[in-house]
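Letter by letter, the chains look like this.
There are 2 protein chains.
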Amino acid sequence: MSKKSTRVALACQALRQAIIEQALPPGTKLPEDELGLRFGMSRTLVREALAQLQSEGLVDAPPRRTATTAKPTLDQAREIFETRRMLEREVVRLVIARWRPQFGADLEGHVRAEETARQAGEARVSIRLAGEFHTRLGEMAGNSLLRRYLSEVVSRCSLILALYGRPHSADCAVNEHREIVAALRAGNAETAIRIMDHHIGSVEARALLDQGRDAGFDLGTVLSRYASGLDEPGSAKVARIPKAKAKGKR
Amino acid sequence: MSKKSTRVALACQALRQAIIEQALPPGTKLPEDELGLRFGMSRTLVREALAQLQSEGLVDAPPRRTATTAKPTLDQAREIFETRRMLEREVVRLVIARWRPQFGADLEGHVRAEETARQAGEARVSIRLAGEFHTRLGEMAGNSLLRRYLSEVVSRCSLILALYGRPHSADCAVNEHREIVAALRAGNAETAIRIMDHHIGSVEARALLDQGRDAGFDLGTVLSRYASGLDEPGSAKVARIPKAKAKGKR
DNA sequence: CTGGGCATTCTTGTATACAGTTTTCGTCTG
DNA sequence: CAGACGAAAACTGTATACAAGAATGCCCAG
Numbered sequence: 001m002s003k004k005s006t007r008v009a010l011a012c013q014a015l016r017q018a019i020i021e022q023a024l025p026p027g028t029k030l031p032e033d034e035l036g037l038r039f040g041m042s043r044t045l046v047r048e049a050l051a052q053l054q055s056e057g058l059v060d061a062p063p064r065r066t067a068t069t070a071k072p073t074l075d076q077a078r079e080i081f082e083t084r085r086m087l088e089r090e091v092v093r094l095v096i097a098r099w100r101p102q103f104g105a106d107l108e109g110h111v112r113a114e115e116t117a118r119q120a121g122e123a124r125v126s127i128r129l130a131g132e133f134h135t136r137l138g139e140m141a142g143n144s145l146l147r148r149y150l151s152e153v154v155s156r157c158s159l160i161l162a163l164y165g166r167p168h169s170a171d172c173a174v175n176e177h178r179e180i181v182a183a184l185r186a187g188n189a190e191t192a193i194r195i196m197d198h199h200i201g202s203v204e205a206r207a208l209l210d211q212g213r214d215a216g217f218d219l220g221t222v223l224s225r226y227a228s229g230l231d232e233p234g235s236a237k238v239a240r241i242p243k244a245k246a247k248g249k250r
Numbered sequence: 001m002s003k004k005s006t007r008v009a010l011a012c013q014a015l016r017q018a019i020i021e022q023a024l025p026p027g028t029k030l031p032e033d034e035l036g037l038r039f040g041m042s043r044t045l046v047r048e049a050l051a052q053l054q055s056e057g058l059v060d061a062p063p064r065r066t067a068t069t070a071k072p073t074l075d076q077a078r079e080i081f082e083t084r085r086m087l088e089r090e091v092v093r094l095v096i097a098r099w100r101p102q103f104g105a106d107l108e109g110h111v112r113a114e115e116t117a118r119q120a121g122e123a124r125v126s127i128r129l130a131g132e133f134h135t136r137l138g139e140m141a142g143n144s145l146l147r148r149y150l151s152e153v154v155s156r157c158s159l160i161l162a163l164y165g166r167p168h169s170a171d172c173a174v175n176e177h178r179e180i181v182a183a184l185r186a187g188n189a190e191t192a193i194r195i196m197d198h199h200i201g202s203v204e205a206r207a208l209l210d211q212g213r214d215a216g217f218d219l220g221t222v223l224s225r226y227a228s229g230l231d232e233p234g235s236a237k238v239a240r241i242p243k244a245k246a247k248g249k250r
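Chains as they are written, first to last, in my numbering: chain A, 1 to 250; chain B, 1 to 250.
Worth flagging that the hints you see were computed from the coordinates, not collected in a lab.
Treat the hints with care, as some may be off.
Any copy, or any two copies together, can satisfy a pair, since identical chains are not distinguished.
Straight-line Cα separation of at most 20 Å, SDA-like style, residue types lysine to any residue; simulated pairs [stated by the list, open to error]:
hint	residue 1	residue 2
1	K71	S144
2	K71	L145
3	K29	R16
4	K29	T191
5	K71	T191
6	K29	T68
7	K71	Q54
8	K29	R89
9	K29	R100
10	K71	H110
11	K71	A9
12	K29	Q54
13	K29	R128
14	K71	R100
15	K29	A105
Can you make the complete structure from the sequences, with help from the hints?
Shown next, in the form of C-alpha cells:
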C-alpha cells in the first residue's frame with residue numbers, strides 16, 4: 001500500500017515474493033526470531049511485516065503459534081477465485097473504458113516477455129510475469145483501491161496454485177493473455193470479459209484438479225535470494241545493529 | 001479478519017467504531033502514547049492496531065509523523081464509491097442466487113431497527129445500522145473475502161460522509177434499504193442491482209455535494225465511550241500493567 | 001511397550017528504553 | 001511586525017528484556 005520504503009516494507013516484499021514464487025511452500029513455518037536474523041532486524045519489525053502479510057492472506061498467524069505461509073482450504077480457494085473473477089471483470093470494463101493506445105503496446109510488450117521467459121524455461125520468472133500481467137491491467141483501470149484488491153487476489157491465487165496446482169503452471173496462459181490483449185484492443189467489453197472469465201476458469205481448474213506435492217527446500221537459502229537490500233551488515237543506516245546471537249541453526 | 005480477540009483487536013474495534021460513527025472526525029491526530037494510555041496498553045500494541053486500521057484505509061499513518069484518522073481526497077472518495085458499487089452489485093447477485101427465506105426476515109428486522117433508530121433521532125446508531133445493512137448482505141453472499149472487501153469500503157464510505165457529507169445522513173436510506181429487500185425477495189437480480197446502484201449513487205451524491213464541517217470534540221472523552229472492554233485497571237489478565245505516567249493531558 | 005505427566009526448550013506477547021525526527025514556540029533581528 | 005533561528009517538547013522507529021504459552025522429549029508407572 002503506502003509506498004513507505006521502510007525496512008518492514010522491504011521484508012514484506014521479500015517474503016511476499018518468496019511466497020508468490022512458491023519458493024516457500026504453503027505451511028512453511030516463519031518464526032519471528034529466524035526471520036529477524038535473516039533480515040537483520042528485530043522481531044518487532046518482522047512481526048509488523050507478518051501482520052501485513054497476514055492481512056493480505058499470504059500468511060497464517062494464529063494467536064500463540066508460529067506464523068506459517070498460508071494454506072487456504074479448498075473452500076477458501078474457491079472463494080478467492082470467485083472474487084477474483086468479479087474483480088477482473090470490472091477491471092476489463094474499466095480498462096476498455098479508459099483505453100489509450102499506449103496500453104496496447106505496453107501489454108504486448110509484457111506478453112512478449114512472458115513468452116520469452118516461458119521458452120527459456122524460467123519457471124520462477126514465468127510465474128511472476130503471469131501475475132504481473134493482471135496487476136498491470138489493474139493499474140490501467142485507474143482505481144487504486146480496485147488495483148489493491150486485485151493484487152491481493154492475484155497473489156493469493158499464486159499461493160493456491162502452489163498448494164493445489166501442478167508444478168509448472170503458466171504455459172498456455174501466455175496465449176490466453178495474448179487473446180485478452182487483442183480483445184481489449186478491439187474494445188469489445190463483452191468479448192474481453194468472456195475471454196478473461198475463461199482464462200481465470202482455466203487457471204482455477206488447473207489449481208483445483210490435482211493435489212499438491214512438497215518440494216525439499218531450506219528456509220535460509222531460499223530467503224537469502226530474496227533478502228537483497230536487507231541485512232547488509234555494513235549498511236550503517238541504522239544506529240544499532242541487532243545482536244544476532246546466532247545459535248547455529250539448531 | 002481473524003477473530004483473534006486479542007487486545008489489539010479490541011483497540012482496533014474501538015477506534016474503528018469511533019471513526020465510522022464519525023466521533024473522531026477525519027484528520028484527528030492519534031498519538032500512540034495517548035491511545036496507549038487510554039486503552040491501557042503499550043505503544044507496541046497501539047501501533048499494531050493503527051497499522052491494521054491504516055491497511056483498512058481508516059487511518060493515515062505517514063512515515064515519521066503522527067497517525068490521523070484518514071482524510072480521503074475527493075478523487076479517492078470517488079474511487080472508493082466506484083469500487084463499492086461494483087462489490088455491492090456482485091453481492092446482490094450472490095445473495096439472490098443463494099436466497100433463503102430466512103434472509104428476508106433477517107433483513108426486514110434490520111430495516112425495522114433502522115427505522116426505529118431514525119425515529120428516535122439516534123444519529124450514531126442510525127449511521128451504524130445503515131452500514132450494517134450492507135455488511136449483513138455481505139455475509140449472506142457467502143464469500144468471506146468479498147465480505148471483507150465490502151466491509152472495508154462501507155467503513156470508508158462512512159468516513160467519507162463524515163468528511164464531505166452533511167451531518168445527519170441516513171434518512172431516506174431506510175426506505176431505499178426497504179426497497180432493496182423487496183427486490184431481493186422478488187428474486188429479480190437486475191431490478192435489485194438497479195435499486196442498489198441508485199442507492200449507492202444517492203449516498204455518493206449526498207457525500208460529494210456539500211463540504212464538511214468540524215465539530216468540537218475531545219479525543220479522551222470520545223474514546224472513553226468506545227474503550228469498553230479495555231483499560232479496566234483491575235482486569236488482572238495481564239502480567240504487567242503499563243505504567244501510565246500520566247502527565248496531565250499536556 | 002505405552003500413555004501420562006513433568007522438565008526443557010522454543011516462540012510469541014507485551015512493555016519499555018533510548019535514539020532520532022518532527023513540531024512547537026519563544027526570542028531575536030532586520 | 002514578519003521571518004529566521006534555535007532549543008525544548010512531542011512523537012515515532014527500533015531493539016531488547018522478561019513473562020507466559022506451546023511444543024518437545026524424557027522418564028516412569030502400569
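Of the numbered hints stated previously, which ones are contradicted by the structure, given in increasing order? The structure breaks hints 4, 5, 8, 9, 10, 11, 13, 14, 15; every other hint is satisfied.
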